[in-house]
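K.L.:
Please build the complex by placing chain B on the supplied structure of chain A, with the hints as guidance.
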Amino acid sequence: AQSVSQHNHHVILSEAASLELGCNYSYGGTVNLFWYVQYPGQHLQLLLKYFSGDPLVKGIKGFEAEFIKSKFSFNLRKPSVQWSDTAEYFCAVNSGGGADGLTFGKGTHLIIQP
Amino acid sequence: GAVVSQHPSWVICKSGTSVKIECRSLDFQATTMFWYRQFPKQSLMLMATSNEGSKATYEQGVEKDKFLINHASLTLSTLTVTSAHPEDSSFYICSANPPPAYEQYFGPGTRLTVT
Numbered sequence: 119a120q121s122v123s124q125h126n127h128h129v130i131l132s133e134a135a136s137l138e139l140g141c142n143y144s145y146g147g148t149v150n151l152f153w154y155v156q157y158p159g160q161h162l163q164l165l166l167k168y169f170s171g172d173p174l175v176k177g178i179k180g181f182e183a184e185f186i187k188s189k190f191s192f193n194l195r196k197p198s199v200q201w202s203d204t205a206e207y208f209c210a211v212n213s214g215g216g217a218d219g220l221t222f223g224k225g226t227h228l229i230i231q232p
Numbered sequence: 157g158a159v160v161s162q163h164p165s166w167v168i169c170k171s172g173t174s175v176k177i178e179c180r181s182l183d184f185q186a187t188t189m190f191w192y193r194q195f196p197k198q199s200l201m202l203m204a205t206s207n208e209g210s211k212a213t214y215e216q217g218v219e220k221d222k223f224l225i226n227h228a229s230l231t232l233s234t235l236t237v238t239s240a241h242p243e244d245s246s247f248y249i250c251s252a253n254p255p256p257a258y259e260q261y262f263g264p265g266t267r268l269t270v271t
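Taken in sequence, the protein lines are chains A and B.
Here the first sequence is numbered in my numbering, starting from 119 and rising by one per residue.
Here the second sequence is numbered in my numbering, starting from 157 and rising by one per residue.
Calculated directly from the structure, the hints in this document are not laboratory data.
Hints are not guaranteed to be accurate.
Partial selection, computed: residues in chain A whose CB lies under 10 Å from chain B [said to hold, decoys possible]: (1) H125; (2) F152; (3) Q156; (4) P158; (5) Q163; (6) P197; (7) Q200; (8) N212.
Note that beta-carbon positions come from the ideal geometry of N, C-alpha and C, so glycine has one too.
Just chain A, with the same shape it has in the complex (with noise of 0.2 Å):
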């Protein structure tokens, strides 16, 4: 069965410093690798996807992130936040067929200070 930790469940910070939130999963095969983030009050959107090729995935809104295989890590980072980036934050996984359901961790849950 697969499993996705996602380290830190809250996370506060001032415009303009740099972000990771960190994201490993449990799971022997081959892996899909997503973020989601949620605004408030919005429905669940894409920031971006691994599935396969450079491990460095570059996302929507400034977003990267880095598939590390020896670590089982996707680890989500941005250079500098904004406050408008407030938001819960989701890593999920699926196996690598691609069409299965997700396996989401817990959610860090990111505030933003002017």
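P.N.:
Showing chain B alone in chain A's frame:
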């Protein structure tokens, strides 16, 4: 991008009644849709995979008879919570994969409150 809608956005029902929630893919056809449940301040938990024209696949621990799923067309899946009880109160979210099936788009969710 692909759009997934849900109806209703919120519903309040009395204990013992049944509630139907609709999930629609608005601009693409989806042979597979997924139903998730999200408890307050917690993550999403996959409940079941809805397959067009065949039976749904339920995750371990999800009661098939309580959460009835019907995927009658390529754009519509429904989740019926039967004989609802207060513990069924939750946020229910659906998603669908437009082809190719690697990226899920999520609906806005349905808030169910059982009194």
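K.L.:
Using the nearest Cβ pair, does A:P197 come within less than 10 Å of chain B?
P.N.:
Since chain B brings no Cβ nearer than about 25 Å to A:P197, farther than 10 Å, the hint is violated.
K.L.:
Would you settle whether the hint for A:P158 is holds or violated, based on the nearest Cβ-Cβ distance to chain B being less than 10 Å?
P.N.:
This interface hint is violated because 13 Å lies over the 10 Å limit.
K.L.:
Per the CB criterion, is A:F152 less than 10 Å away from chain B?
P.N.:
holds, 8 Å
K.L.:
Against chain B, is A:N212 within 10 Å by beta-carbon distance?
P.N.:
Cβ of A:N212 sits 8 Å from chain B, so the hint holds.
K.L.:
Can the hint on A:H125 be confirmed by a CB-to-CB distance to chain B that is less than 10 Å?
P.N.:
Given a least distance of 14 Å, the restraint on A:H125 is violated.
K.L.:
Under 10 Å is the threshold here; is the Cβ of A:Q156 close enough to any Cβ of chain B for the hint to stand?
P.N.:
Because about 9 Å separates A:Q156 from the closest Cβ in chain B, which is inside the 10 Å limit, the hint holds.
K.L.:
Restraint: A:Q163 near chain B, CB-CB cut 10 Å. Satisfied or not?
P.N.:
This interface hint holds because 8 Å falls under the 10 Å limit.
K.L.:
Given A:Q200 as an interface hint, is its Cβ closer than 10 Å to any Cβ of chain B?
P.N.:
The hint is violated - A:Q200 has no Cβ within 10 Å of chain B, the shortest such distance being about 22 Å.
In this structure, the hints that do not hold are numbers 1, 4, 6, 7, in rising order.
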